[in-house]
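S.K.: Sequence:
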Amino acid sequence: MKAQEFSGVRTGNYTGVNGVFYNPANIADSRHKWQFNLVSFHALVGNDKASFSLSDLTNSFDGDELEDQLTGNGSGLTSAMVYTNIHGPSLMLTIDKKSSIALTTRARVLMNAIDIDGELAKRIIDDADDGDGNFNIASAARMRVNMNAWSEFGFTYSRVLMENGPHFLKGGITMKYLAGAANAYIGIDNLTGQVTEDIITGNSYLSNASGRMQLGFGGVSLNDFELNDLTSFKSTGFGADLGLVYEYRPASLNDYDVASNKYRFRVGLALLDAGSISYKRDITRSGGYDISITGAERLNLAELDDTDVDDLKGFSSMHVRNSLLHLQVTTHLNIKAVCLPL
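In terms of this note's numbering, the sequence shown has 438 at position 342, counting the first letter as 1, and numbering is strictly consecutive.
What the hints contain is simulated information worked out from the structure, not anything from laboratory work. A few of these clues could be false.
[Said to hold, decoys possible] Within a straight-line C-alpha distance of at most 30 Å, the following computed BS3-like cross-link-like pairs (lysine-lysine) qualify:
1. Lys193 to Lys129
2. Lys330 to Lys376
3. Lys129 to Lys194
[Stated by the list, open to error] So the derived label-pair ranges between C-beta atoms look like this:
4. Arg308 to Pro262: 55 to 65 Å
5. Pro262 to Lys330: 33 to 43 Å
6. Phe361 to Ala139: 27 to 37 Å
7. Leu265 to Thr180: 26 to 36 Å
8. Phe137 to Thr380: 29 to 39 Å
9. Ile379 to Ala355: 51 to 61 Å
10. Ser374 to Gly261: 41 to 51 Å
Even for Gly, the Cβ is constructed at its ideal location relative to N, Cα and C.
Produce the entire structure from the sequences given, and follow the hints as far as they go.
M.R.: Take a look at the structure:
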């Protein structure tokens, strides 16, 4: 599914300005003298336990069905990714037969969820009132969710490096200014406990639990996040893309017609998204907590469903006073967000 991102316009000599996002060498020897992109949009949802039936595609993307897919149908550990990519106003210019340049803008939102307990996630998402009885959590895994939202402003230079008989090689580089909008990290380590369904209320609660939770936030508030926040310059960084494209051009295809493709086959190699964004850690929303729910103590999972992501620290601090979660505030000052779609 990931390979089909912007299907048909990732590679080739007709890709124009959108081709630089996947290999900056693509625009050298382009079939366009110039090209302008106003806006292009792509979204991706992936899950290592999801399955979609082509024969029943409509139901596969029904709200309840999609929820089951994203939580791994409520069984075992599941990992997922959500990715949104918006290409903004961008311009490519062919300077001469060997060189091309491009100015590009792009906004991206990337979320990774790794080793999430599907049954626990389903209980929380469903307001904790649609459980299928009781179950125990005994996970040595590190459940974690990472999210990063940022914008890019790039300059690309691409050039033909070699023309030797049938061998044709071109290369390119993109230098990018990165404007970070929001970054979040939630991690739960070594969680053990029992989830029980209350026979009176139908809600599920967590008891006899132990583990550790870490929260890290930087940039704008996720609760009030809007599209125009992607142009925020509160957190900044720099990045680069490097690329090479080799084409094998036998004489029978190399007719010197600028409008034709001359290669028998082509191979591209690119290093993308080298770089990072530095976020200032928001200590009002960040911290580390030991989870300790013992004896008659209970944590109603329905309360988590009504808690915004940015308010998790406040929720945890409230339960510190109730001896459910014991606070240990971390002292890190900065979050490093590496812009790699894992």
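S.K.: Against the earlier hints, flag every one the structure doesn't satisfy and list their numbers going up.
M.R.: The structure conflicts with hint 5 only, although it agrees with all the remaining ones.
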